[in-house]
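There are 2 protein chains.
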Amino acid sequence: MDIAGTALLTDLYQLNMLAAYLDHGLTDTAAFELFVRKLPARRGFLMAAGIEQALSYLENLSFSSADIAALRSLGGFPDRLLDYLATLHFTGDVDALPEGTVFFPDEPILRLVAPLPQAQLVETRLINLVHFETVIASKAARQVLASGGKPLIDFGLRRAHGAEAGLLAARASYIAGFAGTATLAAGLEFAIPVRGTMAHSFVQVHEDEATAFERFAHSRPRDLVLLIDTYDTARAARRVAKLAPRLAREGITVAGVRIDSGDLGAEARKVRQILDDAGLGSIAIIASGGLDEDQVRALRDAPIDSFGIGTSLTTSSDAPALDCAYKLQEYAGIPRRKRSAGKATWPGRKQVWRSYAKGGAFDSDLVALVDERADGEPLLRPVMRGGRRVSPPLSLPQIREYALNQLDRMPAPLKDLEPFVYPVAISESLRGLAAELDRQDAGVP
Amino acid sequence: MDIAGTALLTDLYQLNMLAAYLDHGLTDTAAFELFVRKLPARRGFLMAAGIEQALSYLENLSFSSADIAALRSLGGFPDRLLDYLATLHFTGDVDALPEGTVFFPDEPILRLVAPLPQAQLVETRLINLVHFETVIASKAARQVLASGGKPLIDFGLRRAHGAEAGLLAARASYIAGFAGTATLAAGLEFAIPVRGTMAHSFVQVHEDEATAFERFAHSRPRDLVLLIDTYDTARAARRVAKLAPRLAREGITVAGVRIDSGDLGAEARKVRQILDDAGLGSIAIIASGGLDEDQVRALRDAPIDSFGIGTSLTTSSDAPALDCAYKLQEYAGIPRRKRSAGKATWPGRKQVWRSYAKGGAFDSDLVALVDERADGEPLLRPVMRGGRRVSPPLSLPQIREYALNQLDRMPAPLKDLEPFVYPVAISESLRGLAAELDRQDAGVP
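One line per chain: the protein sequences are A and B, in this order.
628 is the number of the first residue of the first sequence in my numbering; add one for each residue after it.
628 is the number of the first residue of the second sequence in my numbering; add one for each residue after it.
Quick caveat, the hints were computed from the structure, so don't treat them as lab data.
A hint or two may mislead.
Just so you know, same-sequence chains aren't split out, so a pair can sit in one copy or run between any two.
For lysine to aspartate or glutamate, the following DMTMM-like pairs were computed, each having C-alpha atoms within a straight-line distance of at most 25 angstroms [as the list claims (entries may be wrong)]: (1) 970 / 921; (2) 665 / 1004; (3) 985 / 686; (4) 985 / 834; (5) 970 / 835; (6) 665 / 629; (7) 897 / 998.
None of these values were measured; they are calculated from a predicted model.
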C-alpha cells in the first residue's frame, strides 16, 4: 500500500457518513473550516504549513479499482457508495493562509467548499497533513527565534514519528527558517540543503580517534565536520588542532567540529580556546544533543556557531499536537453551529483581517464573515477553484522568506517567546449570527 | 517517492561514513544494539514494537537505479560508494525482543550484526521504525491498564504525525491491547478490527437531530452508534430513547451512543439514566474527546462501556519520544564503548535474562554479555540470520495475546501506573569489561 498516497487513509466513519449522505441526497455544497481552538501552554503564536501537501492530496484524490476491491472485501459498503467512490475526484474550492503565515486560535487556516460527501471524506487526511506541518513549523519558528540568527539544522529523522513525519518535518522546519536538514530524502524531494557530519560509531571502529579523523577527512573533505565527543572532548579538540594544519597542506579544510554531549556551553568554550590558541579561529563549533529552544537560547552567548536539533523539533516534544478541528460552518447556504460544551464553533464562512502598525508590525486581527468588509489585509487567499490550483506552488525559498518576514513583524514579546496574548477580535456580525443560531435552537424541543 | 519504502530515507552522514568505510576497507563485522537510556517522566516500563517493520525494511533494503541516479545528481558521492549501494542487500543477523515484550532502560531491544557499512546505513530508519511503534505501544499499554478491561479504540489518525504514524499507531496500540481502530487503511493493511461512528457534521447538515439519527440508522444499521453531543447531550439521549424502540420494530438495533465533550462522567450518568428509564439498558455508552490514561482511569467507575482515544495515543502526548540509541558495541571481534558525558554505553554483545517469581510475575532482570549463562529466561531471540527471517511473522492477535500476558505479569505498582523502579542489574563480567576498556583508553594520550 502506498500509505502516503492512498485514498483509504481515512477514518471508517467518513465512509459510513458518505453512504448515508448519498442515500438521502445530501450532496449540496458544504463549507468546512480548519482552525485551532486554543494554543498549547507556553505558545503565543502558530505558523501555517502543510497547505501544499493538502492541495496535492486533493488534486490526486481517487480510488483505484484495487481500493474499491479492498473496500468490498471488508463487506457492508453499499454499491451506491462504491460506485460513487470509483469515479470520485475533488471538484471543490479552497482558500487558505499562505504557508509561513503566523496565525492565532479561532482563525481559519483553510476553508474548503465542496459537495458535502467530498468535503466530508477528505477531513481526516487534510487535518493529518496540515496539523502536522503546522505543529512542526510552529515549533521550528520558536527555535529560530531563540537562536538569534545562528543557523539551525534538522537532525531529527530517527525520532520523527515514521517516514512521512521525518520528511515533512524537514520541509516545515526549513519553511520556518532552519538552514537545512540531515535527511537525505528531504533534500532530494524538496531541494532543501542537506548537511551531514559523522557518528560516534565512525570513531569507535578505529583503534584511535586521530586515525578516524584523518581517514574521514581524506574520504569526505567537503564541508568537513569532525565529531569530537566520543571519548574526551578537549583531548579530541587538541587532536584536531594538530591535524588541521597538516590537512591544510593537502588542501583539506576542517570546516567545523561537533560536540554532542556534556555541558555544551562549557565544552564549547574549552574547544574554542584550544582551536584559537592553535590559530584555527575559522573552525566552527556545531552543538547538538537533546537541544530545544530554551537550551538554544541559553547557549546564545556560547562560542557555538550553529546547532543541530533533532527530537524536540521533529516531535515538537513539548506540544506534539494542537487542539485543532475541521468543522462544518455552512451547508446548502445555511450557516451551522456546533455547540458541544467547550467546543462551540463560530458559524458561517469567515475571513481573517490583519491590521498593521506603522513600520509593518502586526497590530491585531479580526475574524469576520466572508462577505463583511474590514480594515487591514485579508489573510485567507484563494488557492483552489473547481479542484484546480489557482496558481503554481511557490518555491520553498520563497515561502521561507515570507515566513521569516512574518516572524520579524510579530510583536516583540512573541519574538522573545514571552507570554503575550495577541489580540484577535470576533466581528459584531459574526457574534450576531452565532447568537441567532443559538436562539433558533433554543426553541427546538 | 515511496517515502516509506525508499532506501534514501536516511541521514546524509550515513553515506558519508559509508564512503570512508569503503575507502579504508572497514567492512568487518559490527554489532550494534538499540536500547533506551532512560525512561520518560512518570513511566515505569516500555513495550517493544516495530520489530516486524524493521525486519521488513532490512529484507527489502535496496537502491534502485533511480535512487543511484538521484544520489549522483546531488554530487560529491564517489563511484565506489554508488557501486556498492547499487548491489547492496542486507546479509546480517538480528536478535530482538519479541514484539509486546515489556522492557526497561539499558536492555537491548534489538541487536544487529552485519558488515559495518550495512549495519551503519540502516541506523536511521531502524530507529525511526522501532522507536515510534515502541513509543506508541508503551503509551497504549498504560491506557489499557488504566481502563480496567473496558475496550479502547484508536481514534487518532488525524493528529498522528503523518500517514505512516497513523497507520503504525493503529498497529502498535492493537498489540498493546486496544480493541480496534477507526483507521480504515490499518484495518486493510493489518486486519485490525475497524470501528466507526458518526461526526458532528452529519448531525449539523440536518435541520433537526432526530432526522439525522433516523437517517443514519437506516443507512448504516450495523454496529449502530449515534453521536449525541452536537447540541445538548441529554436532549439527544431522550431522542435516542424515543427512536430506538421504533427502529427495533424495523429490526435495527441501536448498539451505542457516543459522547465527545463536556464532563464525560456526569454526562454518561445522565444518559445512562435516560436510557435505562426507557428500558434501553443494552445501549452502550462510548466516551471520547481529548482522553488520556489519567482521565480514563478517573472515569473507570462512570457508566461508560468503551473509550475512543485519539491524540494522546497517536502522539504519545506526554512523552512523544524516548531517549534511545543504536550504538556500536563491537567491531572486528573487539568490544567498543562510547564514553560521552551522560551517554556512556555498556560494551559488547549483550543478552537480557528475566527472572520470575512463583506464579510467573516478573521479579528482576539481568543484562549480561551474550556468552554468559545466567538464571531466568533470555529475552532476545534470533529473528534474522544472513538477511533472512528465522521464522514467519506472528499474527497480530498472537502478538497481542503475548503482550497482554506481559502486562499481566508486571509487578503490581507498574500495573497500577504507580512510581516503581523495576530492578535491572548489570552482570559482573559486563561491568568488568567496561572498566577494562576505560583503563585501556586512560593510557591513550
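Which hint numbers does the structure go against, in order from smallest to largest? Numbers 3, 4, 6, 7 - these are the hints that the structure violates, sorted from lowest upward.
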